[in-house]
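Chemist: Note that the protein sequences, when read in sequence, are chains A and B.
Per the numbering used here, the very first residue in the first sequence carries number 1; after that it's consecutive.
Per the numbering used here, the very first residue in the second sequence carries number 1; after that it's consecutive.
Hints are computed from structural coordinates only; laboratory data are not their basis.
A couple of the hints might just be wrong.
[As the list claims (entries may be wrong)] Pairs of lysine to any residue residues, derived as SDA-like cross-links and limited to a Cα-Cα distance of at most 20 Å, are as follows:
#1 A:10 - A:59
#2 A:21 - B:237
#3 A:10 - A:31
#4 B:21 - B:3
#5 A:21 - A:4
#6 B:21 - A:36
Everything numeric in this text was worked out from a predicted model, so none of it was measured.
2 protein chains.
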Amino acid sequence: MAPTIRDVAKAAGVSVATASKGLNGKGRMRPETRQRIVDIARDIGFRANRNASSLTTGRTFTVGLLTRDGYGRFTPPLLGGVEDALSVDTASLILCDARRDAVRERHYVDALVARRVDGLIVTGRATDPAPPLPRTLPFPVLYAYTTSRDEADSSLTVDDEHGGWLAARQLVRQGCRTIAHITGPASYLAVRERVAGARRAFREHGLDLPDERVLHVGFSERAGYTAVERLLASTPGLDGIFCGSDQIGRGVADALGAAGVAVPGDVALVGFDNWTLLAAATRPPLTSVDMNLYRLGRAAGESLLAAIDGDAEPGVRRLPCSLAIRASCPALPGDSTEWTHDTPLVPEA
Amino acid sequence: MAPTIRDVAKAAGVSVATASKGLNGKGRMRPETRQRIVDIARDIGFRANRNASSLTTGRTFTVGLLTRDGYGRFTPPLLGGVEDALSVDTASLILCDARRDAVRERHYVDALVARRVDGLIVTGRATDPAPPLPRTLPFPVLYAYTTSRDEADSSLTVDDEHGGWLAARQLVRQGCRTIAHITGPASYLAVRERVAGARRAFREHGLDLPDERVLHVGFSERAGYTAVERLLASTPGLDGIFCGSDQIGRGVADALGAAGVAVPGDVALVGFDNWTLLAAATRPPLTSVDMNLYRLGRAAGESLLAAIDGDAEPGVRRLPCSLAIRASCPALPGDSTEWTHDTPLVPEA
Numbered sequence: 001m002a003p004t005i006r007d008v009a010k011a012a013g014v015s016v017a018t019a020s021k022g023l024n025g026k027g028r029m030r031p032e033t034r035q036r037i038v039d040i041a042r043d044i045g046f047r048a049n050r051n052a053s054s055l056t057t058g059r060t061f062t063v064g065l066l067t068r069d070g071y072g073r074f075t076p077p078l079l080g081g082v083e084d085a086l087s088v089d090t091a092s093l094i095l096c097d098a099r100r101d102a103v104r105e106r107h108y109v110d111a112l113v114a115r116r117v118d119g120l121i122v123t124g125r126a127t128d129p130a131p132p133l134p135r136t137l138p139f140p141v142l143y144a145y146t147t148s149r150d151e152a153d154s155s156l157t158v159d160d161e162h163g164g165w166l167a168a169r170q171l172v173r174q175g176c177r178t179i180a181h182i183t184g185p186a187s188y189l190a191v192r193e194r195v196a197g198a199r200r201a202f203r204e205h206g207l208d209l210p211d212e213r214v215l216h217v218g219f220s221e222r223a224g225y226t227a228v229e230r231l232l233a234s235t236p237g238l239d240g241i242f243c244g245s246d247q248i249g250r251g252v253a254d255a256l257g258a259a260g261v262a263v264p265g266d267v268a269l270v271g272f273d274n275w276t277l278l279a280a281a282t283r284p285p286l287t288s289v290d291m292n293l294y295r296l297g298r299a300a301g302e303s304l305l306a307a308i309d310g311d312a313e314p315g316v317r318r319l320p321c322s323l324a325i326r327a328s329c330p331a332l333p334g335d336s337t338e339w340t341h342d343t344p345l346v347p348e349a
Numbered sequence: 001m002a003p004t005i006r007d008v009a010k011a012a013g014v015s016v017a018t019a020s021k022g023l024n025g026k027g028r029m030r031p032e033t034r035q036r037i038v039d040i041a042r043d044i045g046f047r048a049n050r051n052a053s054s055l056t057t058g059r060t061f062t063v064g065l066l067t068r069d070g071y072g073r074f075t076p077p078l079l080g081g082v083e084d085a086l087s088v089d090t091a092s093l094i095l096c097d098a099r100r101d102a103v104r105e106r107h108y109v110d111a112l113v114a115r116r117v118d119g120l121i122v123t124g125r126a127t128d129p130a131p132p133l134p135r136t137l138p139f140p141v142l143y144a145y146t147t148s149r150d151e152a153d154s155s156l157t158v159d160d161e162h163g164g165w166l167a168a169r170q171l172v173r174q175g176c177r178t179i180a181h182i183t184g185p186a187s188y189l190a191v192r193e194r195v196a197g198a199r200r201a202f203r204e205h206g207l208d209l210p211d212e213r214v215l216h217v218g219f220s221e222r223a224g225y226t227a228v229e230r231l232l233a234s235t236p237g238l239d240g241i242f243c244g245s246d247q248i249g250r251g252v253a254d255a256l257g258a259a260g261v262a263v264p265g266d267v268a269l270v271g272f273d274n275w276t277l278l279a280a281a282t283r284p285p286l287t288s289v290d291m292n293l294y295r296l297g298r299a300a301g302e303s304l305l306a307a308i309d310g311d312a313e314p315g316v317r318r319l320p321c322s323l324a325i326r327a328s329c330p331a332l333p334g335d336s337t338e339w340t341h342d343t344p345l346v347p348e349a
């Protein structure tokens, strides 16, 4: 068993009350006595019970992280960022996976209330803004990589419009003029926002992206692969493809290779997600939009700590994307490193 | 603020002591009074402070999960299993990512001691058994997907030897006789154990796997891709390849396709990890060994709960793998579904 304050008191030959005052720096006491109590506590390995001290400080230095969509591929960098932000506060992260199940979610939220967490981060990508948690929770809530439908809540997510703009701009700068977009279902808000961003970039250069060149096929490699044949037949002069995910991009690159179309010579490619493991293994390696999820997680953790201190920022904030440049749509003279970094912010497994 | 026991007492018109006794089922009290207190507590949304009750029960119903290698691709299913096992005990999971940094690890372990967690799961694949945590921790520790060097500790990991045996056996049953193995560095214990398992399967069928047909090249697609040319030149009659990861398998399949070698007609392939997203997108889809990490996580959680109840099981236990059958080495008549399931136990993101 871990040493208790009683063990410290006994070893120091003082009362429990004196030992406690000595350790927490309170009360009147001779400096030598205090130092002796502190030394003895260290020597016998005493550590304050943080759960007990929370009863007086009003904080538990625990934060819940509720994920609604399981621990997917996008969770690890986000988690790493949240954890790094919280470590400044020495707060611990309690993990809850609701798995799109309202009953599980309710159960977890109740448990976090019972644990008196200081705050909660809700995460998980949904096709649309998520239903908010009850407004009566006794701690601040921050939505990260998802947004609450309630504008009074605080949400922090990816600027997908900016990501679409970055991808399209890179293709235009590469010299592409007849560009298509292969992506997932239009029911996803992120998909619609990326299309809007791409169109903005094209407009800025006097180009357009007509509806018939936006293919909503799904986020898989197979969807990308099979879309290429249709696209090559329907789009004479096709010279660039913005792929809605690196999985799509991988399938597209393979299909172009099989059709004898050179990448980037004939058709340049930009993907989305900067999933290094897949993008770097594509032939040729895939230029891709990075959502900077580690940075998003870090900002979410910092924002929640601010809210716990009474400084909440309601509304939806969107953080910019960046671009990881590889051979499928290479760097150009004058590219700023600000948006061309290719170094993952956290090591990949 | 959340309602307190004082609010319950006030609303019920009883003392705090009576309200407390009414809620925890202790003390003598008329059943109607107890029911009224319980009803009022529910109506005003009172929930017991679990942190406070831990001071009397001696348990905090929290468990730490310390990952040594970050949140990699293998963490999500493991986490999901641990969480499901703990939910039976309504225990919460506190997450700590040591990132191969001894100082961070020490900091986290100290924090978990200060929080009085009931137990700790240590995870993270290492090239070799991991150095154990201090034996003086005031709670049980379980090593999962990694093993402790100290045999007195409890470890639960993957039976890599069995995984290698399954892969090789499937190739042999497919009719392969001249089989090669492309895998990662021999410095990894898991790599050596898979080789040993494959050799056992071959011996059982009067075949062998000579050293020159074991290529330790690395776990990437590129490594798999480039190894194929060498292998085709050096191994006449090559008809099967056991790939040490699905990434290697993906590169091998692409290289064989580029060389005009039919899979599985000329050369059959089996991968490792059953990373559906990659294995199912391979052309042809890749048969692959599944480490059943969700099941491992679940068993680890259950084992830790048993240890918390005083029923620790020291030593290293290894859980069997299974095989996900796809076109690169297809199912055969008589294959038992027991080891041919292709349904991920948890949904992939």
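Chemist: Hint by hint, where does the structure go against what was stated? Just the numbers, ascending.
Modeler: 1, 2 and 6
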